[in-house]
Amino acid sequence: MEEEGQREFAEFYAATWGDCLRIVMVSVADRPLAEDLVAEAFTKAWASWQKVRGLAEPRAWVIRAAMNARVSWWRRHRREVTLGSQNTTAATSQDLALDSSLVAALRRLPVRQREVIALRLLLGLDTGTTAEVLGISASTVTTHLHRAIRALRRDIPARDDQELTQ
Amino acid sequence: MNNDHALTALKDRLADIRDSLGDAHPSIPASEIIARARRRRVRRRLVPGLTGVLALAAGATVAVTAPLPASHPASHRPRAQLAAWTVVQQPGGIIHVTIRELRDPAGLQAALRADGVPASVSFGNGQQTACRPYPGGGFMTSANPVLISTVFPGPGVNIRPSALPSGTGVLLAFLQRSHPQPGRPGIGIEVAVVQASQQCTGN
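For the record, the sequence lines run as chains A and B.
The numbering of the first sequence is the working numbering, which starts it at 2 and goes up by one.
The numbering of the second sequence is the working numbering, which starts it at -13 and goes up by one.
If you are wondering where the hints come from, they were derived from the structure by calculation, not from laboratory data.
These numbers come from a predicted model, not from an experiment.
Any given hint might turn out to be false.
Cross-link-like lysine to any residue pairs, in silico, SDA-like; alpha carbons within 20 Å at most [said to hold, decoys possible]:
| # | chain 1 | residue 1 | chain 2 | residue 2 |
| --- | --- | --- | --- | --- |
| 1 | B | K(-3) | A | R109 |
| 2 | B | K(-3) | A | R113 |
| 3 | B | K(-3) | A | R115 |
| 4 | B | K(-3) | A | D20 |
| 5 | B | K(-3) | A | D156 |
| 6 | B | K(-3) | A | P111 |
| 7 | B | K(-3) | A | V29 |
| 8 | B | K(-3) | A | T143 |
| 9 | B | K(-3) | A | R154 |
| 10 | B | K(-3) | A | A105 |
| 11 | B | K(-3) | A | S102 |
| 12 | B | K(-3) | A | E5 |
| 13 | B | K(-3) | A | K52 |
| 14 | A | K52 | B | A23 |
| 15 | A | K52 | B | R24 |
| 16 | B | K(-3) | A | L110 |
| 17 | B | K(-3) | A | R155 |
From chain B, some residues computed to sit far from chain A (all C-beta separations above 12 Å) [stated by the list, open to error]:
| # | residue |
| --- | --- |
| 18 | P15 |
| 19 | R89 |
| 20 | A92 |
| 21 | G93 |
| 22 | S108 |
| 23 | P151 |
Heads up, the beta-carbon is just placed ideally off N, CA and C, and yes, glycines get one too.
Next comes chain A alone, as it looks inside the complex (with noise of 0.2 Å):
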């Protein structure tokens, strides 16, 4: 049974990983941080796993964890782990040929709408399926998205805000 439970962890880790790394890292623009939150929500999901194997969109659920995840046990392990090495300086968006422009204004939004952008547009779930991920109705999805997008159009440059209201 335990040996059952770890194989389909294992095949939903292998599977789903890169996705969720993609998502959470246009989220937060930084690929260390990005792999310490995803690694730290897949140990979130392993240790529940009885629950999440059972979600109808089980990376949403690592997701939405990766990105609540704060400054974690395994953000502290890393650091004091990696004290001799010296080399843990976060990427930046630039770095990772990110549209910094964009990812700047996607950071400063709060959580609930980086949730909603998150779900919705990256990993592509209808609204009714992320209400019930976010345990919220899917009105206030909606009202969440829009805000978002006024935000999202008021804080991008003027170039980018362009193709934006087109």
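Assemble the complex: chain A is given as a structure, and chain B must be docked to it using the hints.
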């Protein structure tokens, strides 16, 4: 302004960003994720008395449980899992001290000094009046030479000798503390960077 167009444009741009990140593979195998979750679960069972960290001007205190007494220390490799304390050299030159029982401070001090850490160690309420704080030896920076570790590989202290400023050492004070759960022992840890001297750190 059209919200649908804005939504579509934003979605496309986000998809471009996401896809531009390319294929990525986990840097940590699933087995390690599972193992870490298990270790965390076990640690929560074994160390229910972990009550948090209180940062002070010249140190910090943390309460940990002292599970079981046992044998004496080991340098570099622990000889017994349940020794009163262990000193283990980790990759990167970090020295991790784990305390389980307030016993043989002189032995711990000698073990640390043998590992190149100018150290002053006390157990109980003994005052280390011979030690003088090192100006600027505060905490909470990534290059901190001494950190209280509540997580890995167990409650204790991590020391990075190479990060100690010249002419300094480490003061470690372990104190008996009350445990949140009645009947269980607790240990408080205070750490500080101090000025090295014959009287304080032995050099």
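Exercise. What hint numbers does the structure not satisfy?
Worked result: Per hint list: 12, 13, 18 violated.
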